Amino acid sequence: MTTRTIKVGALARVEGEGALKVTIRDGKVKHAELNIFEPPRFFEGFMQGRAFTEAPDITARICGICPVAYQMSAVHAMEAAIGVEITPEIRALRRLLYCGEWIESHGLHVYMLHAPDFLGYPGAIELANDEPEIVKRGLAMKKAGNQTVATVGGREIHPVNIKVGGFYKAPSKEVLNGLAEKLKEGRDIALETVRWVAGFDFPDVERDYEFVSLSHPHEYPFNEGRIVSNRGLDIDATAYHDHFEEFHMPQSTALHSRIKGRGFYFCGPMARYNLNFSKLPAVAKEIAKEVGLGPACNNPYQSIIIRSIELVFAFDEALRIINDYDEPAMPAVPAVPRAGVGHAATEAPRGMLYHRYQLAVDGSIEQATIIPPTSQNQATIEEDLTTFIPQWLDMNNDDLRWRCEQTVRNYDPCISCATHFLKLDIDRG
Amino acid sequence: MVDNRKNPKLAVWKFASCDGCQLSLLDCEDEILAVAGAVEIAMFLEATRTELDGPYDISLVEGSITTAHDAERIQEIRRQSNVLITIGACATSGGIQALRNFRDVKDFVNVVYARPDYIDTLETSTPIADHVPVDFELRGCPIDKRQLLELLAATLAGRKPAIPNHSVCVECKQKGTVCVMVAKGTPCLGPVTHAGCGAICPSVDRGCYGCFGPMESPNVDSLRPWLTDLGMDQHALNRVYSTFNVNAEPFRAESQRS
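As they're listed, the protein sequences go chains S and V. If you read the first sequence in this note's numbering, its first letter stands for residue -15, the second for the next number, and so on. If you read the second sequence in this note's numbering, its first letter stands for residue 24, the second for the next number, and so on.
Treat each hint with caution, since some may be false.
[Unchecked claim] To give an idea of the interface, some chain V residues facing chain S are shown, with a C-beta separation under 7 Å as derived from the structure:
1) Cys41
2) Gly43
3) Glu54
4) Ala59
5) Glu63
6) Thr73
7) Thr89
8) Gln197
9) Thr209
10) Val227
For the record, the hints were derived by calculation from the structure and aren't laboratory data. All values reported here derive from a predicted model rather than from experimental measurement. Cβ atoms here follow ideal geometry from the backbone N, Cα and C, with glycine treated the same way.
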């Protein structure tokens, strides 16, 4: 019996600290495990007893890459708990803020974290030595996303302008119009990006996934919608725990999510695209057609094309919102505490982010549950490794290790997020 | 093409944190390639697979110490680093995860994890400077990227960084932002909070919530009656100091005052 072990001691170009171990026995992948050694920080624990108004600022600190997602899931869950309805103007501004975060996060992932895998560079800094114009293009796009978050949210990382009920201060039409020029340039770069990444060499693999994302009747999803799948799931966020469960796999030490009675699933850009293609604006559908990507895609390595198409969407949507924008009469709806339970799922750049809060009559938090996208995808990542790696066993160890890393990076995992909710067995041996 | 071999070696390290402060370096979209040209990036896992052995000329350290393993790891990083700079509230004060320092950590483990026996963690979350000597502490949750660039430029040039120690109030005055506490009666931690953010909260009609931690010699005793007069009871006062810099004195003492 021959045994080959591929180990990646510390995964690069992911957010947070993780490791990978793939054990191969007699030409078969016996075991694939994405290890999390990021230390736990206990957010759900210390949310207890805090005021409901503190959730957006505190949960933002779970992730420096996608703080807006945490803030959005938190404010929507709190508003559900206390029975507040936001105005259409506030809703539009939140979508604009989310556009900014998708652009910043997808721009980072496409250019700096994922593209180097396809081009054989250790990272974007090294890529920039040979292809400075390409990296500068990606940075310009990412900057437009950060400027959007800073304009609406007050700061790029851990925005300060978000509260339960809306915003502390709404941006003026003039300020947003100034942003529009950058966003138009960004949309052009995003289109160029789709053409660029579509020309990469993709492993020819597919799997039959269950995709899960939000779905809204008229819009590509950000903050609102039912939780749906390509296998018939169609539920409100309030029913999340009736349909999803988290459990411990015997061969793994981390918490996994699955759909009750069915199995693992896939959330994130690929899921959103497969489930919501018809809601994309014409410009995004046209570029998908131009590069030959249909409304369905089951090759996770092509997620970089889908992320790029979502960049086109996010720029286009941001421009639409700014064009239609009227400064709201009130930046926020009053948020009066009451006892209650609130649920919300929103679409973080890397997938669905679920929050649930139980509040006491004074608005203090009695219980908090947060389920981030990376912990939902973890089992699917491990299944991808088990399924795909056997065909590449003739690769040398270095190349195979790199391919395994790339397979993990397909999901843009955010281990900083996932860790605080994963069960860990840290073997220091 | 820049010859990187002669450039100072820069390493970026992560401990318990959200990754936001090291992301600030990648968020310097206009400058990151110039920075990369002036240094040799020897270790920056969030950005590259490249991993070069030490010693390192400059180490940027994000995150707090929360595990026995990390307490050992920082010792080795210090040994390998000529200049060690901590970036952000986790590294400089212990971060929001330092809330565990005021409770039995088992209470939190039991709330979050169904199998508490799997969790290997210290009773406390502590700043890097509690473990090793630190050459410069850059404040903020998150840090300000312009300050990070100034600090890197100054360190590379061997000069003192132009990073002021005054309060957020001075930044409001510099920007011409009307005081939210005086004009609108909004409670604000600006008078006791370290500058660096650019007074962004008062700019959006909100009081400062102290994410840059205490300024040098803050007068919390003077601020307390102001906040009380604006309607904050003792519980609210405890809470407002119980956030991202709760482990930094005197925020720590204010968070526990009864």
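ask   = When the nearest CB of chain S is found for Glu54/V, is that gap smaller than 7 Å?
value = 10 Å, violated
task = Identify whether the interface hint at Glu63/V stands, where standing means a beta carbon of chain S within less than 7 Å of its own.
result = 10 Å, violated
ask   = Regarding the hint that Cys41/V lies at the interface with chain S, is the smallest CB-CB distance below 7 Å?
value = With a closest approach of 4 Å, the Cys41/V hint holds.
task = Identify whether the interface hint at Thr89/V stands, where standing means a beta carbon of chain S within less than 7 Å of its own.
result = 5 Å, holds
request  = So, Gln197/V near chain S? Judge it on the closest CB pair being under 7 Å.
outcome  = 17 Å, violated
query = Holds or violated: Thr73/V as interface residue toward chain S, Cβ cutoff 7 Å?
reply = 5 Å, holds
ask   = Would the stated hint for Val227/V survive a check requiring a Cβ distance to chain S of less than 7 Å?
value = 4 Å, holds
query = With 7 Å as the cut and Cβ atoms as the points, is Ala59/V at the interface with chain S?
reply = 5 Å, holds
key: Interface hint for Gly43/V, Cβ within 7 Å of any Cβ on chain S   = 2 Å, holds
request  = Using Cβ atoms only, decide whether Thr209/V comes closer than 7 Å to chain S, and label the hint accordingly.
outcome  = At about 10 Å, which exceeds the 7 Å cut-off, the nearest Cβ of chain S leaves the hint on Thr209/V violated.
Hints 3, 5, 8, 9 from the list above are not met by this structure, while the remaining hints are.
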